[in-house]
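Colleague: Read off the chains here:
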Amino acid sequence: MTNFISLSDVTDLNALIQEGLSVKKNPFADQALGKNKTIGLIFFNSSLRTRLSTQKAAQNLGMNVMIMNVGQDSWGLEMEEGTVMNADKAEHVKEAAAVIGRYCDMIGIRAFAELKDREKDYREQVMTQFQKYAGVPIVNLESATRHPLQSLADCITIEEFKVKRRPKVVLTWLPHFKPLPQAVANSFCEWMNRIDVDLVVTHPEGYELAPAFVGNACVTHNQEEAFEGADFIYGKNWSSYTHYGQVLTQDPSWMMTMEKLQLTDNGKFMHCLPVRRNMKVTDEVLDSPQSLVIEQAANREWSAQAVLKTILTNL
Amino acid sequence: MTNFISLSDVTDLNALIQEGLSVKKNPFADQALGKNKTIGLIFFNSSLRTRLSTQKAAQNLGMNVMIMNVGQDSWGLEMEEGTVMNADKAEHVKEAAAVIGRYCDMIGIRAFAELKDREKDYREQVMTQFQKYAGVPIVNLESATRHPLQSLADCITIEEFKVKRRPKVVLTWLPHFKPLPQAVANSFCEWMNRIDVDLVVTHPEGYELAPAFVGNACVTHNQEEAFEGADFIYGKNWSSYTHYGQVLTQDPSWMMTMEKLQLTDNGKFMHCLPVRRNMKVTDEVLDSPQSLVIEQAANREWSAQAVLKTILTNL
Amino acid sequence: MTNFISLSDVTDLNALIQEGLSVKKNPFADQALGKNKTIGLIFFNSSLRTRLSTQKAAQNLGMNVMIMNVGQDSWGLEMEEGTVMNADKAEHVKEAAAVIGRYCDMIGIRAFAELKDREKDYREQVMTQFQKYAGVPIVNLESATRHPLQSLADCITIEEFKVKRRPKVVLTWLPHFKPLPQAVANSFCEWMNRIDVDLVVTHPEGYELAPAFVGNACVTHNQEEAFEGADFIYGKNWSSYTHYGQVLTQDPSWMMTMEKLQLTDNGKFMHCLPVRRNMKVTDEVLDSPQSLVIEQAANREWSAQAVLKTILTNL
Chain A
6 MTNFISLSDV
16 TDLNALIQEG
26 LSVKKNPFAD
36 QALGKNKTIG
46 LIFFNSSLRT
56 RLSTQKAAQN
66 LGMNVMIMNV
76 GQDSWGLEME
86 EGTVMNADKA
96 EHVKEAAAVI
106 GRYCDMIGIR
116 AFAELKDREK
126 DYREQVMTQF
136 QKYAGVPIVN
146 LESATRHPLQ
156 SLADCITIEE
166 FKVKRRPKVV
176 LTWLPHFKPL
186 PQAVANSFCE
196 WMNRIDVDLV
206 VTHPEGYELA
216 PAFVGNACVT
226 HNQEEAFEGA
236 DFIYGKNWSS
246 YTHYGQVLTQ
256 DPSWMMTMEK
266 LQLTDNGKFM
276 HCLPVRRNMK
286 VTDEVLDSPQ
296 SLVIEQAANR
306 EWSAQAVLKT
316 ILTNL
Chain B
6 MTNFISLSDV
16 TDLNALIQEG
26 LSVKKNPFAD
36 QALGKNKTIG
46 LIFFNSSLRT
56 RLSTQKAAQN
66 LGMNVMIMNV
76 GQDSWGLEME
86 EGTVMNADKA
96 EHVKEAAAVI
106 GRYCDMIGIR
116 AFAELKDREK
126 DYREQVMTQF
136 QKYAGVPIVN
146 LESATRHPLQ
156 SLADCITIEE
166 FKVKRRPKVV
176 LTWLPHFKPL
186 PQAVANSFCE
196 WMNRIDVDLV
206 VTHPEGYELA
216 PAFVGNACVT
226 HNQEEAFEGA
236 DFIYGKNWSS
246 YTHYGQVLTQ
256 DPSWMMTMEK
266 LQLTDNGKFM
276 HCLPVRRNMK
286 VTDEVLDSPQ
296 SLVIEQAANR
306 EWSAQAVLKT
316 ILTNL
Chain C
6 MTNFISLSDV
16 TDLNALIQEG
26 LSVKKNPFAD
36 QALGKNKTIG
46 LIFFNSSLRT
56 RLSTQKAAQN
66 LGMNVMIMNV
76 GQDSWGLEME
86 EGTVMNADKA
96 EHVKEAAAVI
106 GRYCDMIGIR
116 AFAELKDREK
126 DYREQVMTQF
136 QKYAGVPIVN
146 LESATRHPLQ
156 SLADCITIEE
166 FKVKRRPKVV
176 LTWLPHFKPL
186 PQAVANSFCE
196 WMNRIDVDLV
206 VTHPEGYELA
216 PAFVGNACVT
226 HNQEEAFEGA
236 DFIYGKNWSS
246 YTHYGQVLTQ
256 DPSWMMTMEK
266 LQLTDNGKFM
276 HCLPVRRNMK
286 VTDEVLDSPQ
296 SLVIEQAANR
306 EWSAQAVLKT
316 ILTNL
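Chains as they are written, first to last, in the working numbering: chain A, 6 to 320; chain B, 6 to 320; chain C, 6 to 320.
To be clear, the hints were calculated from the coordinates, so they are not data collected in a lab.
Don't be surprised by glycine CBs; every beta carbon is placed ideally from N, CA and C.
Mixed in with the good hints, there may be bad ones.
[Said to hold, decoys possible] Derived CB-CB ranges, DEER-like:
1. Lys183/A to Asn19/C: 42 to 52 Å
2. Lys121/A to Thr88/B: 37 to 47 Å
3. Gln36/B to Ala20/A: 33 to 43 Å
[Unchecked claim] Heads up, simulated DSS-like pairs for lysine-lysine below, C-alpha to C-alpha not over 30 Å straight-line:
4. Lys121/C to Lys94/C
5. Lys42/C to Lys42/A
6. Lys29/B to Lys40/C
7. Lys42/B to Lys42/A
8. Lys29/B to Lys30/C
9. Lys30/A to Lys137/B
10. Lys40/B to Lys40/A
11. Lys121/A to Lys94/B
12. Lys42/B to Lys29/A
13. Lys94/B to Lys125/A
14. Lys121/C to Lys94/A
15. Lys94/A to Lys125/C
16. Lys40/C to Lys40/A
17. Lys183/A to Lys94/B
18. Lys94/A to Lys183/C
19. Lys137/A to Lys29/C
20. Lys137/B to Lys29/A
21. Lys137/A to Lys30/C
22. Lys125/B to Lys94/C
23. Lys29/A to Lys40/B
24. Lys121/B to Lys94/C
25. Lys30/C to Lys42/A
26. Lys30/C to Lys40/A
27. Lys30/B to Lys42/C
28. Lys42/C to Lys40/A
29. Lys137/C to Lys29/B
30. Lys42/B to Lys30/C
31. Lys40/A to Lys42/B
32. Lys40/C to Lys30/B
33. Lys40/B to Lys30/A
34. Lys40/B to Lys42/A
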């Protein structure tokens, strides 16, 4: 593995999940590996878990960390090729990526979807340009269409908590008043389709995800039916892919409640966080022993550490 | 000591002051203690001394430091329980604190008073909620009503510079055009009441501090009388506690001057900084050999280091 | 060398350039030197290369790094002496510098020209005040009138790529729509005048730099003539020094193009970055093998490391 931009960079997913469980048991075993190695963490958007867990994972590995908030610590970056740069962006990614790549042994990048132009978002310009010009491994800290460090943490969490060989996993849309990216939902489907689970996706009409991510998962507009016998409920809001970036409904009947959790087979509730309580999910669900959201967030550290360790090993 | 939120967390104040003086003499003696330990520093408000001195103290102890500005690096946090989160706060402290607590061995938090609702500020919601949900020790980097790392540095400074067994210490209100929190003044009273000094508090009418903090200190509206024979003058502005958060006067006759300093028994001038020159205190006082403000700020490093060391020892 | 504020702090420039080339070959050889030493990096303005390369260089040397964005992490600093501080600046540099100097073994500072008052900018108040009050070595991370870490990286780059004993180096003004400081151009002239090159400066009328920096360099308004036989073209925009801070022209005929580069003796193109593509320089030039901009930016790490190492050695 030389980059970690999407699942296609992972040659052996099962080995990577096991690596996550292994570094979790022994976090400081590989500090020689990261000595005098530096990761640059470049944020085009806000972050809490990703920022802290990736920094922590790198430090566990003995690495140095340099963090930069684009447009705050530095100026905006132009991503388009061939443009006349007479507007607000003071530097081109061609230079920025190449220069950061000279100071860092690997670069983590967070850059959300703008949700205005679907073509543009799904082209994954920021990741693609950094990969093209940085000359060092790129780690996706959530991009326009994917959040693979989250998905790996989700796989680790399911591996830890599953009680059946092939659990039923349901991704359910939850209501939200703001348009959110599809990245977490896309990635979750993509990764679940590669491990040994039965994936069901449920959402209101108009919220169909891009087919390439959904794959052969069962899709239904009937949330309660979807929940029946489920082992894991994975809640998330996303804006419409077909009516791109729009909020088509905020229907509160899609909120996650204890009644719905009881439809499952003693199912666990998962969510990538942040979560808006009592809009997307009730307090009762989040505060119940069936909620895994904190364990799942804690696993972000081991997900990041497994990825950074694998990249370090291949440097 | 498992938390450092207020003086009540300190079992042996004198030992803690001596620990501060001890780490000052030998800053790098305890680096094994902090190895592979991480402190998260979470800022809801701006900081200069607290940010740098706490980071430095942690590094002296061999710790890793992760810093996050809430609402800038990340998003706003909801503090109220049971609320429907359909407004500007994207994450609840229940999740944020618990997650940060999984990445960090201890958490430092700065969160000022809002000065709108006295009840609410004095409930110390941010500290209380983080303590409740983080699952790791919490260090107060200045909260709505207290600034104990400052007070410990003040105790260390008085211990270093006192020339009498029981010095006379005067806390005086100074004029300012903006409403400032009572935290430093509250904490200073609270801590002075626990060490061997005579505490006098002087301020204009209407600026009475909360009785629980003032304790048995002598309170007077006559600043010059208060200064007579004083060994330490501790200047600070605060907004009204009774007319909560209001600026009742900016009376320039309360400014600290050289003439007033000469009323003392060769008294030393202290201030927690930042200080607005020639509004609260004249240049002449701050630039005189009787000013301890830089020594006092320098002691913030040893105050923080004594606290972090003590918490590390008890982990 | 105890400070690195301008070229006058450098006693042996050639030795410093050689030190840069030496740390480039062996970046991690001096980690004992920086152990338990801390550099504070204080930013009054945005930064990408300077922030990352100086942090990296310090970490290569085994140092700890503390970064603070003034006015964002902390509040604004008053620089004028004797003022009544009743406006927006909450702290005076007298206190801020002295306090940071107690937490740090050296301090790097970035503070751009305001381009309103030439006298004031050229007085270099921020650097001067920090030097006066910090009590520890100051490193200029780009000040109102100079950018010596950039100039040292430029010297290193020319040393690496020159093919003649005494190359011809041309500093050319390039068009830009915003008023930019003269710092990089000033510094470049100052440093080139101290190494073994023929310096030519070319710009439109009205863009004359301060004579003290230009020295005996040949100055011409004829850009094409200047380029003839050049070994290095150093492009940069700056606003007018005589009509202080003004943009007198954006004449696109001054843009750097491949045609102009072909007037040189197989000349290399240099620019300190960030650069606005197709306004100051065409894509073709920047993407050609004759462009050194990435090598030059990469040398910022070694420039900073040579300076920090020299200061550490003299602590």
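Colleague: Against the structure shown, which of the earlier numbered hints fail to hold, in ascending order?
Modeller: 1, 2, 8 and 30
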